[in-house]
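Asker: The chain contents come next:
There are 2 protein chains.
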Amino acid sequence: MALIVQKYGGTSVGSIERIKNVAQRVARFKAQGHQVVVVVSAMTGETNRLIGLAKEIQSHPDPREMDVLVSTGEQVTIALLSMALMEMGLKAKSYTGAQVRILTDAAHTKARILSIDEENLRRDLDGGHVVVVAGFQGVDEKGNITTLGRGGSDTTGVALAAALKADECQIYTDVDGVYTTDPRIVPEARKLKTITFEEMLEMASLGSKVLQIRAVEFAGKYKVKLRVLSSFEEEGEGTLITFEEDTMEQPIISGIAFNRDEAKVTVLGVPDRPGIAYAILGPVADANIDVDMIIQNVGADGTTTDFTFTVHRNEFTRAMGILKDVQSTIGAREVKGDDKTAKVSLVGVGMRSHSGIASNMFKTLAAEGINIQMISTSEIKISVVIDEKYLELAVRVLHKAFNLEQAA
Amino acid sequence: MALIVQKYGGTSVGSIERIKNVAQRVARFKAQGHQVVVVVSAMTGETNRLIGLAKEIQSHPDPREMDVLVSTGEQVTIALLSMALMEMGLKAKSYTGAQVRILTDAAHTKARILSIDEENLRRDLDGGHVVVVAGFQGVDEKGNITTLGRGGSDTTGVALAAALKADECQIYTDVDGVYTTDPRIVPEARKLKTITFEEMLEMASLGSKVLQIRAVEFAGKYKVKLRVLSSFEEEGEGTLITFEEDTMEQPIISGIAFNRDEAKVTVLGVPDRPGIAYAILGPVADANIDVDMIIQNVGADGTTTDFTFTVHRNEFTRAMGILKDVQSTIGAREVKGDDKTAKVSLVGVGMRSHSGIASNMFKTLAAEGINIQMISTSEIKISVVIDEKYLELAVRVLHKAFNLEQAA
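Heads up: the sequence lines are chains A and B, in that order.
Per this note's numbering, the first sequence starts with residue 626, numbered consecutively.
Per this note's numbering, the second sequence starts with residue 626, numbered consecutively.
No lab work stands behind these hints, which were simulated from the structure alone.
Some hints could be false.
Same chains, same label: a pair holds when it works inside one copy or across any pair of copies.
Claimed, not checked - Result set (DSS-like, lysine-lysine): computed pairs, CA atoms no more than 27 Å apart in a straight line:
(1) Lys680 / Lys716
(2) Lys645 / Lys680
(3) Lys680 / Lys655
(4) Lys735 / Lys818
(5) Lys655 / Lys716
(6) Lys767 / Lys716
(7) Lys735 / Lys716
(8) Lys848 / Lys735
(9) Lys818 / Lys846
(10) Lys816 / Lys848
(11) Lys988 / Lys965
(12) Lys1014 / Lys961
Note that the structure is predicted; figures quoted are calculated from it, not measured.
Full structure from sequences and hints, please.
Answerer: Below you can see the structure in the form of structure tokens.
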């Protein structure tokens, strides 16, 4: 007997029919003698419908009330799924985030989980219940409803698995696992049986939307065994996210992630003196704009420097406005921007022990005439920013160059 | 400065536009220096939509999960109304039933309020906030979400007014007050400026759907000043529900209530012995069927009796089935039923001190050839059950016979 936490996303519970299918899958696990906690999202479209209502009233809806509003989405799903489980003869009980007491900080619409009271859940599980928990939501110290931000249901699933010391956390989604890259771009893309946490972190943060990055971080921190599976297939092992020690030998490159949402801002000819990076990025951070890649090069004349960073494309106009405002203060010659860029990244823990990955990557792109605008590396990834129009081509040729269509 | 509780029903908050209208009305009261607590229902149609989803899964949805499901309806409205108030520059804060801590018993889908923590609300009011509370819902001792049953939002409004010792509880609805009878049937029906609690109780319980009977009971018990108003009119005093002492002289008859939902069950020729009423009604009560009128007559032979009662038309088939089952046990000769009946009632506290009301009523109906099937009286009402097809006629001729179109 194992304790399994299963998380089903919005499309997996997007209709009454699909909710019944989820109930059947849960029933099969119960029949095998497992204890099951199910975490669910709002039915597809529901969260957007609610946000739409709010925006008819306030262009920037009040965050506290927004959380009160959108948290109803998951509350509807937990009730319906519990009913579906009971209709199959199982014992089931629903919990909102507040009822579990998933305690979060008070940062409405993007709260972070502080602690989880697992006592009641455990008693219900021991009593033979399937426990159905609303994902994405919690409650702050004062009893205000909070939400974890988009995709937060994954985080709820992992956090519950950690709190309950579950044997496995299964994330059911509309894909059947993690692929070497997006199969819509590279038909030969191959499903990975395993991927390490570190790789998954890079894949998730680089735009492979299978799993929320916060959920992966959480799983890594609490050593939660995480598996990605399809809720539309009866069978299949999905992809297991492992700790590096689990496998004897790692492939050099596990996958290729990419991101179309990058926009590039370049500040040219700023004085090369201490504090200049803060002078540039401080105002951007103050405006709550997340910055992804940051690169600083020595300028041609040796006394000035060029500074480039990327932001989400939605924030491009705001970021450019801020930089134009501070341009004269910081003494920059010019501020330029480009929102027609994309990022492509090779990811793999095997990279650590192999040289020549970067040069192979650059050679492959050069052979296709693809200009590299920015380069950034970490221990287990190499990212390049290129013209958006070459994105698909770059991913395809790199996938082939590193033989990703063949199992390692 | 007064403390006012305002309750808005589903049609009053049935669209974003209407929610904005409610916000404007609240703002006018705030501008006059009043403290305002607003209680809202789910947007029209939302509760039925949710119940529809549940019934696609379970023909008899689990009550606990049903409450989790339908309570989302009001939660959506409190968030949207709070946003609309903030958009107008007011301070506003929403509360679910659980967040107020409207403590109820554990009778899911028909819970009763046990107590209300008014501390937080009062602090917010003193801080200048409009407090927006979800009607219809509460929480039991164990933290389970409960609902008060259909129309329970009125009860929430009155209970909050009682707990906060509000100066007035205003119930906004789609009619502009309480009428002598339904204006759709009698165009001359007149709006009452005041009505006593006792009369309102009878009117509410007899099918005049302006106010929930439980809300009226609650208001009477805690001496809450209650007013019914239209949310679609800018001006208007509505109808004030008063304590009898408030007015010097009462009209003899205040209004005519009626109810199309009555079905009649008659048990003929049962032995006239102690315990027979319980033998007949016990099984009906055990099946959770509410019984309205009960009449027992001595039978023709002196040793048996005839027993008649009315139930809601929706329960007619079940009630008949139960009686057929127990017929032989109780030794009844026959069980008969009729679900094509209606009840018409004259209501008025002035009735107490005037004789001849009943005979005038019976004479009026007889003159139209309307047969009276059952009669039941209380201190302030006379009810008759008649063939459903005469209902409108009966209400019209009685309204005229008692001069209700003229102010007393």
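Asker: Look at each hint and say if it fits the structure.
Answerer: Tested hints:
For a Cα distance limit of 27 Å, the shortest separation of Lys680 from Lys716 across copies, 18 Å, qualifies, whereas the shortest one inside one copy, 39 Å, does not. In the homo-oligomer, the alpha carbons of Lys645 and Lys680 lie at most 27 Å apart only across protomers (13 Å), although the nearest pairing inside one protomer, at 32 Å, exceeds that limit. When the C-alpha separation of Lys680 and Lys655 is checked against a cutoff of 27 Å, the pair qualifies only between copies, where the shortest distance is 24 Å, while the shortest distance within a copy is 42 Å. Neither within a single protomer nor between protomers do Lys735 and Lys818 lie at most 27 Å apart by alpha-carbon distance, with minima of 32 Å and 51 Å respectively.
In the homo-oligomer, the alpha carbons of Lys655 and Lys716 lie at most 27 Å apart inside one protomer (10 Å), although the nearest pairing across protomers, at 49 Å, exceeds that limit. Taking identical chains as interchangeable, the C-alpha atoms of Lys767 and Lys716 lie at most 27 Å apart only when they sit on different chains, with a minimum of 18 Å there against 32 Å within one chain. For a Cα distance limit of 27 Å, the shortest separation of Lys735 from Lys716 across copies, 23 Å, qualifies, whereas the shortest one inside one copy, 33 Å, does not. In the homo-oligomer, the alpha carbons of Lys848 and Lys735 lie at most 27 Å apart inside one protomer (23 Å), although the nearest pairing across protomers, at 45 Å, exceeds that limit.
Taking the closest pair of Cα atoms, Lys818 and Lys846 come within 27 Å of each other only inside a single copy of the chain (22 Å); across copies the shortest separation is 68 Å, beyond that limit. In the homo-oligomer, the alpha carbons of Lys816 and Lys848 lie at most 27 Å apart inside one protomer (23 Å), although the nearest pairing across protomers, at 70 Å, exceeds that limit. When the C-alpha separation of Lys988 and Lys965 is checked against a cutoff of 27 Å, the pair qualifies only within one copy, where the shortest distance is 23 Å, while the shortest distance between copies is 88 Å. Taking the shortest alpha-carbon separations for Lys1014 and Lys961, only the intra-copy value of 19 Å comes in at or below 27 Å, while the best inter-copy value is 81 Å.
The structure shown violates just one earlier hint, number 4.
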